[in-house]
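> Sequence:
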Amino acid sequence: MLLRIIALLIIGYLIWRWLRQRPPLDTPPEAVPHQLLRCAQCGTFVPESEVVRDGQRTFCCADHRDKFKLTSDN
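Count along the sequence shown from 1, then add 203; that gives the number in my numbering.
Honestly, the hints are just simulated from the structure, not real lab data.
Glycine included, C-beta positions come from ideal geometry on N, C-alpha and C.
Errors might be hidden in some of the hints.
Computed spacing ranges between beta-carbons, pair by pair [what the hints assert, rightly or not]:
#1 Asp266 x Gln238: 19 to 25 angstroms
#2 Gln238 x Leu211: 51 to 57 angstroms
#3 Ser275 x His237: 23 to 29 angstroms
#4 Cys245 x Trp219: 53 to 59 angstroms
All chains, full assembly: derive it from the sequences and hints.
Set out below in structure tokens:
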């Protein structure tokens, strides 16, 4: 009987250690830093992955790219 209690305590301790070493399931993914680029039309900063490019200039959307082209042609 005493051996069963000791065995259960050892098993419980090992399970407890194993659970403490596992990372939590709800940890957010590591944030990847991204560069912010300025829109040539309105000056808003936009993540590089979402930017609309026209040569060297960057824009927050295609509409601002088109407006910039119209105003720079005049």
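> None of the hints should be skipped; say for each whether it holds.
A quick look at each hint next to the structure:
no.: 1; hint: Asp266 x Gln238: 19 to 25 angstroms; verdict: holds (22 angstroms)
no.: 2; hint: Gln238 x Leu211: 51 to 57 angstroms; verdict: holds (56 angstroms)
no.: 3; hint: Ser275 x His237: 23 to 29 angstroms; verdict: holds (28 angstroms)
no.: 4; hint: Cys245 x Trp219: 53 to 59 angstroms; verdict: holds (56 angstroms)
In terms of the numbered hints stated before, the structure departs from none.
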